[in-house]
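*Asks:* Using the sequences and the hints, build the whole thing.
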Amino acid sequence: MMMRKNKWILLLFILGLLIIVYPHIAQFINNQLQKSQVNQFKNEAQLLTPQFIFEKLEAARRCNEAIFKNEEGLHDPFTDGYNRDDYEGCKDAPMDGNHFASIEIPKLSLEIPIYLGASENELSKGIGQVEGSSLPVGGLSTHTVLAGHRGMGTKAMFRQLDLIQPGDTFYIYTLEEKLQYEVFDVEVILPHETENLGINEGKDLASLITCHPYRANSHRLVVHGERVK
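For the sequence shown, the numbering used here gives the first residue as 113, with consecutive numbering after it.
Hints listed in this document are in silico derivations from the structure and should not be mistaken for laboratory results. Possibly wrong hints are sitting among the right ones.
Ranges between beta-carbon positions, derived for each pair [stated by the list, open to error]:
| # | residue 1 | residue 2 | range |
| --- | --- | --- | --- |
| 1 | Thr281 | Glu313 | 20 to 26 Å |
| 2 | Pro162 | Pro325 | 42 to 48 Å |
| 3 | Ile165 | His304 | 36 to 42 Å |
| 4 | Asn329 | Thr161 | 31 to 37 Å |
| 5 | Ile301 | Val340 | 37 to 43 Å |
| 6 | Glu156 | Glu305 | 24 to 30 Å |
| 7 | Gly279 | Phe164 | 34 to 40 Å |
| 8 | Leu159 | Ser330 | 41 to 47 Å |
| 9 | Lys341 | Gln158 | 17 to 23 Å |
| 10 | Ser221 | Gln152 | 15 to 21 Å |
| 11 | Glu289 | Asn210 | 16 to 22 Å |
| 12 | Arg327 | Thr161 | 29 to 35 Å |
| 13 | Glu338 | Asn151 | 25 to 31 Å |
| 14 | Glu167 | Ala328 | 40 to 46 Å |
In silico DSS-like cross-links for lysine-lysine, where the CA-CA straight-line distance does not exceed 27 Å [said to hold, decoys possible]:
| # | residue 1 | residue 2 |
| --- | --- | --- |
| 15 | Lys219 | Lys290 |
| 16 | Lys168 | Lys341 |
| 17 | Lys315 | Lys219 |
| 18 | Lys168 | Lys154 |
| 19 | Lys315 | Lys168 |
| 20 | Lys219 | Lys237 |
| 21 | Lys181 | Lys154 |
| 22 | Lys168 | Lys181 |
| 23 | Lys315 | Lys181 |
| 24 | Lys341 | Lys290 |
| 25 | Lys341 | Lys147 |
| 26 | Lys168 | Lys219 |
| 27 | Lys154 | Lys219 |
| 28 | Lys341 | Lys181 |
| 29 | Lys290 | Lys147 |
| 30 | Lys219 | Lys147 |
| 31 | Lys154 | Lys341 |
| 32 | Lys341 | Lys315 |
| 33 | Lys290 | Lys181 |
| 34 | Lys290 | Lys154 |
| 35 | Lys290 | Lys237 |
| 36 | Lys147 | Lys168 |
By construction, the Cβ of each residue, glycine as well, lies at the ideal position given by its N, Cα and C atoms.
*Replies:* Okay, structure coming up:
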């Protein structure tokens with residue numbers, strides 16, 4: 113009788129331990145899968161013809177020019193459920209739901225795919241480009257705003273974005289090049305406070321945004337970066 117009781121205690125202990133460690137194991141596996149997706153994106157980009165890359169990026173840059181000229185402000189990706197503005201210059205942009213670019217944050221050991229749009233569909237797979245902001249291809253008079261969940265249980269996403277400080281760097285990989293951004297400001301804002309997320313003429317900016325504080329949805333943590341290379 114005592115032996116059977118001990119077996120049940122051991123079984124419950126093992127089950128409890130599995131419940132505790134499972135999210136960490138799953139998060140590690142998903143992080144590795146995301147890094148694998150990023151590496152595949154880089155490798156496949158090397159196989160594309162220069163003409164194909166040129167056409168894709170030119171379409172994205174035309175879209176960015178249209179966004180700059182017709183800037184109507186951003187829409188919070190975590191609450192608005194907003195669809196992309198139909199800018200005339202964006203009709204040929206590559207908005208097919210595929211992996212468009214990638215972001216690397218060395219301080220957090222993160223490499224995550226970037227998708228165009230920031231609906232739940234994109235945010236469940238990776239990082240989303242917020243509608244109304246520039247597409248992440250760099251260039252003067254652009255400001256791409258990239259949104260990510262503050263962790264999804266089994267995916268890290270932007271869970272530790274609060275560890276980023278001014279002076280840190282992150283990278284955006286396009287089909288053609290590696291864009292380096294240096295963090296110059298970190299702020300906490302309310303969802304409607306998007307003044308600092310607009311385009312500054314002549315500057316190449318990228319901002320990372322997530323919910324704040326962790327496990328809450330009242331504010332937004334924003335990391336601002338300016339391109340240095």
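*Asks:* Please go over all the hints and tell whether each is borne out by the structure.
*Replies:* Hints, one by one, checked against the model:
1. A hinted range of 20 to 26 Å holds for the C-beta pair Thr281 and Glu313, which are about 24 Å apart.
2. Taking 42 to 48 Å as the suggested C-beta distance range, the pair Pro162 and Pro325 conforms, at roughly 46 Å.
3. Here the CB-CB span from Ile165 to His304 is close to 38 Å, well matched to the stated 36 to 42 Å.
4. Checked against the hint of 31 to 37 Å, the C-beta distance between Asn329 and Thr161 comes to roughly 44 Å, which is inconsistent with it.
5. The given range of 37 to 43 Å is broken by Ile301 and Val340, whose C-beta atoms sit roughly 24 Å from each other.
6. Taking 24 to 30 Å as the suggested C-beta distance range, the pair Glu156 and Glu305 does not conform, at roughly 38 Å.
7. Checked against the hint of 34 to 40 Å, the C-beta distance between Gly279 and Phe164 comes to roughly 37 Å, which is consistent with it.
8. Between Leu159 and Ser330 the CB atoms are about 45 Å apart, so this pair conforms to the stated range of 41 to 47 Å.
9. For Lys341 paired with Gln158, a C-beta distance near 20 Å keeps the hint of 17 to 23 Å intact.
10. For Ser221 and Gln152, the Cβ-Cβ distance of about 18 Å falls inside the hinted range of 15 to 21 Å, so the restraint holds.
11. Between Glu289 and Asn210, the C-beta spacing of about 19 Å keeps the proposed range 16 to 22 Å intact.
12. Roughly 46 Å separates the CB atoms of Arg327 and Thr161, a value that falls outside the hinted 29 to 35 Å.
13. Between Glu338 and Asn151, the C-beta spacing of about 27 Å keeps the proposed range 25 to 31 Å intact.
14. Between Glu167 and Ala328 the CB atoms are about 43 Å apart, so this pair conforms to the stated range of 40 to 46 Å.
15. This hinted pair checks out: Lys219 and Lys290 have alpha carbons roughly 17 Å apart, not beyond 27 Å.
16. In summary, the hint linking Lys168 to Lys341 is supported, as the alpha carbons are separated by about 21 Å, within the 27 Å threshold.
17. At most 27 Å may separate the alpha-carbon atoms for a hinted pair to count; Lys315 and Lys219 meet this at roughly 24 Å.
18. With a C-alpha separation of about 15 Å, the suggested pair Lys168 and Lys154 falls inside the 27 Å cut-off, and the hint holds.
19. For the hint pairing Lys315 with Lys168, the CA-to-CA distance comes to about 22 Å; that is within 27 Å, so the pair holds.
20. Under the criterion of a C-alpha separation no larger than 27 Å, the hint pairing Lys219 with Lys237 is consistent with the structure, at around 21 Å.
21. A threshold of 27 Å between alpha carbons decides the hint, and for Lys181 with Lys154 the separation of about 31 Å lies outside it, so the pair is violated.
22. Using a Cα cut-off of 27 Å, the hinted pair Lys168 and Lys181 holds, with the two alpha carbons roughly 20 Å apart.
23. Between Lys315 and Lys181, the direct Cα distance comes to roughly 15 Å. Compliance with the 27 Å bound is thereby established for this hinted pair.
24. Restraint check: the Cα-Cα separation between Lys341 and Lys290 comes to about 8 Å, which is no more than 27 Å; the hinted pair holds.
25. Under the criterion of a C-alpha separation no larger than 27 Å, the hint pairing Lys341 with Lys147 is consistent with the structure, at around 23 Å.
26. Between the alpha carbons of Lys168 and Lys219 the distance comes to roughly 30 Å, so the proposed pair goes past 27 Å and is violated.
27. Our distance criterion of 27 Å between C-alpha atoms is met by Lys154 and Lys219, whose separation comes to about 21 Å.
28. The hinted pair formed by Lys341 and Lys181 meets the criterion: a straight-line CA distance of about 25 Å does not exceed 27 Å.
29. A hinted pair counts as satisfied when its Cα atoms are at most 27 Å apart, and Lys290 with Lys147 qualifies at roughly 16 Å.
30. Note on Lys219 and Lys147: the hinted pairing holds, with a Cα-Cα distance of about 15 Å set against a maximum of 27 Å.
31. For the hint linking Lys154 to Lys341, the alpha-carbon distance of about 19 Å falls within 27 Å, and the restraint holds.
32. A distance of roughly 13 Å separates the Cα atoms of Lys341 and Lys315; the hinted pair therefore holds under the 27 Å criterion.
33. Note on Lys290 and Lys181: the hinted pairing holds, with a Cα-Cα distance of about 26 Å set against a maximum of 27 Å.
34. A threshold of 27 Å between alpha carbons decides the hint, and for Lys290 with Lys154 the separation of about 10 Å falls inside it, so the pair holds.
35. About 22 Å separates the Cα atoms of Lys290 and Lys237, which keeps this hinted pair within 27 Å; it holds.
36. For the hint linking Lys147 to Lys168, the alpha-carbon distance of about 23 Å falls within 27 Å, and the restraint holds.
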